[in-house]
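K.L.:
Chains as they are written, first to last, in the numbering used here: chain C, 1 to 126; chain E, 1001 to 1421.
Heads up, some of the hints might be wrong.
Not the full set, but computed from the structure, chain C residues with beta-carbon under 8 Å of chain E [to be verified]:
| # | residue |
| --- | --- |
| 1 | D3 |
| 2 | Y6 |
| 3 | Y15 |
| 4 | F36 |
| 5 | V47 |
| 6 | G59 |
| 7 | C62 |
| 8 | R104 |
| 9 | M105 |
Just so you know, the hints here were simulated from the structure itself, not pulled from any lab data.
Don't be surprised by glycine CBs; every beta carbon is placed ideally from N, CA and C.
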Amino acid sequence: MDDPLYREEILDHYYSSPYRGRLERADHACDLDNPFCGDQIHVELAVDGDRIKDVRFDGKGCVISQAATSLLAERLEGATVEEALGLGPADVVKLLGMPLTPTRMKCGLLGWKAIRQALTPKDVTA
Amino acid sequence: MADVAAVRGTGLDVSRVRADFPPLAEEVRPGVPLRYFDSAATALKPAPVVEAVREFLADYPANVHRGLHVLSERATEAFEGARLKVAAHLGVDDPAQVIFTRGTTEAINLVARSWGRMALKPGDAIVLSELEHHANIVPWQMIAAETGAVLRYVDLTDDLEYDLDSFDRLFDDGRVRMVATTGMSNVTGVRPPVEEIARRARGRGARVLIDAAQSLAHEGLDVVELGIDFAAFSGHKVFGPTGVGVLYGKRELLEAMEPVLGGGNMVLRVERDRAVWNELPDKFEAGTPPIAEVIGLGAAIDYIESLDAEAVARHERGLIEHAHATLGAVEGFRLLGPSDTAGKGPIVGFTLDGTHPHDLSHLLDRHGIAIRAGHHCAMPLHTRLGIPASARASFALYNTKDEIDRLAEALGSIKTMLRRR
Ligand SMILES: Cc1ncc(COP(=O)(O)O)c(C=O)c1O
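The following block holds chain C by itself, in its conformation from the complex:
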C-alpha cells in the first residue's frame, strides 16, 4: 500500500540529502528536538549580506522531519533571509506535497522552526 507522502523523492531527501552535514563556517545555527517522537534536528546557515549562501542540517528522526528539513534547505539556498523568515507552515506542506495530520505537523515543521530560530536575531539585552 503506497503512501504518496513516502514517495521516492521524499525518501531520497531522507536517505541521501545533499544538505546533510556541517558547514566549515556557519553564521547561524540552532538545535531543536521534538520530545514527542524523539526527532532531533541541527541546522546551520551561512549568510552573505542578506542572502543565504549555504544550509546544512544534521539530525535523527522520522522521514518527515528529516526530508522536510532537506527540502527547506534546497528551497532556501540563494534565498534572502527575509524570504526565509516569510515562509510559513503552509509552504512546508507545499514542499512535502501532501497535507499532514496535526501530530505529523510537529515532525514536518521541526526543521522550519529550527531555521527560523537560527535566523532570528537574539535579543542580547534580554
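Got chain C; can you put chain E with the ligand on it based on the hints?
P.N.:
Chain E with the ligand alone, transformed into the frame defined by chain C:
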C-alpha cells in the same frame, strides 16, 4: 475423554465479544477494516458502557449527593453503585476506600502530595523503577523536591525485569518509606512480581503503591490479599470512559491524610475561617464528580465481570505468544523486554530496524492498523534503552491472532517500501 477446553475453544466467544465493540466492525477507509492495537493507550468501549453513559445523560442527568428529588436520588444510586462494583472488583469490603479521581495520574498525585506531605522527611526514600510511566515518576519528583526526600531506582535486568537483589539493597539504610511500582509496564508488558515486592517492602516498613493502569485490563487485583497500601487505575483503560479513575487506599492512611482539593462535598461544616472535613471517601472528592464517567466505569466493571476471567487470560496469553512468534519472524523486528511471555502481559514494545517508529505507525495506519509510537510517557526507560522512541502494539480481549498476522504482513511490506533504493 474429549478435551473440553478444545471443544469450547478458549472458552471466550471472541466474535461475540467483538460485536460488543462497534469500532471493530468499522472500516477506517473504504475497504480497510480497523485493527486496533492501541488498547494500552485507551481501550475501546463496549456497547453497555456507552449505553450506561447515554442513559445517565439522557434520562437522569442530575447531580449527586445533594438533591432530594427523584433524578438526583437515581443519579446518586447509580454513582454509589459504581463505587460498590469497583470495591468488589478489587476485593475491598469497605467502599469508602475507593476514591474517584480523574484517572491514574490524579490518583498518584493525590497520594504523593497528601501522604507524602504527611509522611516524608528529608533523606527519606521513595523507590521506583525505570519501567514506570511518567505518572508514577513525576509526582514523586515533585514531592521529593518539596520534602527533601530522594528517589531510588531499582536495577532492571537486561530483560527489563526487576532485579530483586538490588531491590533488597535499597532498604539497607532503613530510609525507604514508599515503593511505587507499576503492575505492568506500558511499554514492554513486563509484570513486576508485585506480590514479592509488596511482601519485601512491607517487611521493611515501607508503604506500597501499585499503578494498575495497565494490569487491571488483563488481570484481577486483590488489594487486600496483596496487603498493599494504595492502588491506582484509570477507567478508560478498562473499557470505561475517560475522565475517571480510582484510588484505593488503606483506611487508616486515608483517614490520616489531608485532602488536596478543597471545595464542595469534601466538608461537613464550613465556618468563616475553617472547615471540617467530610468522611471518606468524600473528603477526597471535592466538587461535582464526573458522574457520567463513574457510571460508565461501573458498567465497564460489570462487563469485565460478566466474562470468564480465566478464559480471557487464556485468550490473551494466546495472543501474546502468537505475537512474539509472528512479529518476531519479521526481518529487523526487535522486541523490547523479555522474549519469554510468561512474565508479561499482552503488550509488544518494539523497533523495526531502519524505520522510525513514527513513520511506522503512520504507514500502518494506511493498513487500518492502530499502534502507538513515541516514548509512551516512559522517557527514563527509553533513555536506558538508548532509543528516543519505540513502537507498541497492545492487545485486548477483543483482538485475534488473525489481526496480528495482518500486522506482521504490514510490517514486512512497510520495510520493503521504505527500503533505501
Ligand atoms: C502504567 C501507566 N500508568 C499511568 C498511566 C496514566 O494514566 P492516565 O493518563 O489515565 O492518568 C498510564 C497511561 O498511559 C499507564 O500506562
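K.L.:
Please check whether D3/C passes as an interface residue: C-beta within 8 Å of a C-beta belonging to chain E.
P.N.:
Hint holds; D3/C Cβ to chain E Cβ min 5 Å, cut 8 Å.
K.L.:
Let me know if the C-beta of C62/C comes in closer than 8 Å to any C-beta of chain E, holds or violated.
P.N.:
Holds - the Cβ of C62/C comes within 8 Å of chain E, reaching about 4 Å at its closest.
K.L.:
Should the interface hint for R104/C be scored as holding, given a Cβ-Cβ cut-off of 8 Å against chain E?
P.N.:
With a minimum Cβ separation of about 7 Å from chain E (threshold 8 Å), the hint on R104/C holds.
K.L.:
With a cut-off of 8 Å, does the beta carbon of M105/C approach a beta carbon of chain E closely enough for the hint to hold?
P.N.:
violated (12 Å)
K.L.:
For the hint on V47/C, just tell me whether its beta-carbon gets within less than 8 Å of chain E.
P.N.:
violated (31 Å)
K.L.:
Could you check if Y15/C really has its C-beta closer than 8 Å to a C-beta on chain E?
P.N.:
holds (5 Å)
K.L.:
Restraint: Y6/C near chain E, CB-CB cut 8 Å. Satisfied or not?
P.N.:
holds (7 Å)
K.L.:
Should the interface hint for F36/C be scored as holding, given a Cβ-Cβ cut-off of 8 Å against chain E?
P.N.:
Holds, because the Cβ-Cβ distance from F36/C to chain E comes to roughly 6 Å (cut-off 8 Å).
K.L.:
With a cut-off of 8 Å on the beta carbons, see whether G59/C makes it to chain E.
P.N.:
violated (11 Å)
In the structure shown, a violation is registered for the earlier hints numbered 5, 6 and 9, in ascending order.
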